[in-house]
Amino acid sequence: MCFSPEVDVVVGTAISVIAIDALRHCPNRQTLPLALIPAAFALHTFESALVWCGFRDLIPHALSDAAEWAYLIFAFAVLPIYIPLAILMIEPAGIRRQALYIIQGLGLVGGMAYAFALIQGEGSAAACNLYIDYDIAGVHPIAGLIYPVATIGAVLLSSHRPMFLWGVSNVFVTTFLFFWNQHGLASLWCFYAAATSVFIAWFVRQLPRSVSL
1 MCFSPEVDVV VGTAISVIAI DALRHCPNRQ TLPLALIPAA FALHTFESAL VWCGFRDLIP
61 HALSDAAEWA YLIFAFAVLP IYIPLAILMI EPAGIRRQAL YIIQGLGLVG GMAYAFALIQ
121 GEGSAAACNL YIDYDIAGVH PIAGLIYPVA TIGAVLLSSH RPMFLWGVSN VFVTTFLFFW
181 NQHGLASLWC FYAAATSVFI AWFVRQLPRS VSL
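Mapping the sequence shown onto my numbering, position 112 (from 1) lands on 112, and the numbers just tick up by one.
Wrong hints could be hidden among the right ones.
Okay, the calculated beta carbon distance ranges per label pair [stated by the list, open to error]:
| # | residue 1 | residue 2 | range |
| --- | --- | --- | --- |
| 1 | Leu165 | Leu58 | 36 to 44 Å |
| 2 | Phe74 | Gly138 | 13 to 21 Å |
| 3 | Phe178 | Trp69 | 32 to 40 Å |
| 4 | Gly138 | Asp65 | 13 to 21 Å |
| 5 | Phe172 | Met112 | 24 to 32 Å |
| 6 | Gly94 | His25 | 22 to 30 Å |
| 7 | His140 | Leu58 | 31 to 39 Å |
Hint data in this document are derived by calculation from the structure and do not stem from the laboratory. The structure presented is a predicted model; accordingly, all values stated were derived computationally and were not measured. Glycine included, every Cβ here is placed at the ideal spot set by N, Cα and C.
Using the sequences and the hints given, assemble the complete structure.
Structure (structure tokens):
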């Protein structure tokens, strides 16, 4: 996720602390999927560190290959399914909740398309100067369009104003980071994961102990 294994380990450790705080202040079961996201990001960041170490021949390749597979399945297949679910679980009844069911279905289709391609051996990771280029080939372009709809669109549908505003910021931040990497510059995705984790830890503190769905 970041430009070196050392940075990934430091940021992953910081996110782990944030994850503990988010889970400690999780107000109810409906909020648990959202509160678990920082923990997932922490694990994801450590996986990136292991992939880096594999490219540097610091660990057995069997371990780095497993970390690469786990990284790819989470980034491409799990997130478009999980993010809409986490938002759906805290959304009260209404038209937005109904729309989130549609987004959830789209995310499931897109995530399964990436998972199937990965199982077929289409996943890859290539070490570049300041980032790792992760990719899953052989996926229909529609799945690529579904991905941002599921991961960012779900957040934009939230009736919770802080979450909606975070979704708006995600549009600009993810677009910037995408084009930043396209120019071969240092990967900063781990810092984005850390910022997202801080926001979630703060947000779950604001939610009531009971949620009416």
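Verification of the hints:
For the pair Leu165 and Leu58, the beta carbons lie near 41 Å from each other, so the given range of 36 to 44 Å is met. One distance hint, 13 to 21 Å for the beta-carbon pair Phe74 and Gly138, holds here, with the actual separation near 19 Å. Range check, Phe178 to Trp69: Cβ separation about 23 Å, and the 32 to 40 Å hint is violated. At about 19 Å, the beta-carbon gap between Gly138 and Asp65 stays in the expected band of 13 to 21 Å.
Distance hint for Phe172 and Met112: a CB-CB separation of about 29 Å, consistent with the stated range 24 to 32 Å. Range check, Gly94 to His25: Cβ separation about 26 Å, and the 22 to 30 Å hint holds. Checked against the given bound of 31 to 39 Å, the beta carbons of His140 and Leu58, roughly 37 Å apart, stay inside it.
Checked against the numbered hints given earlier, the structure breaks only hint 3 and satisfies all the rest.
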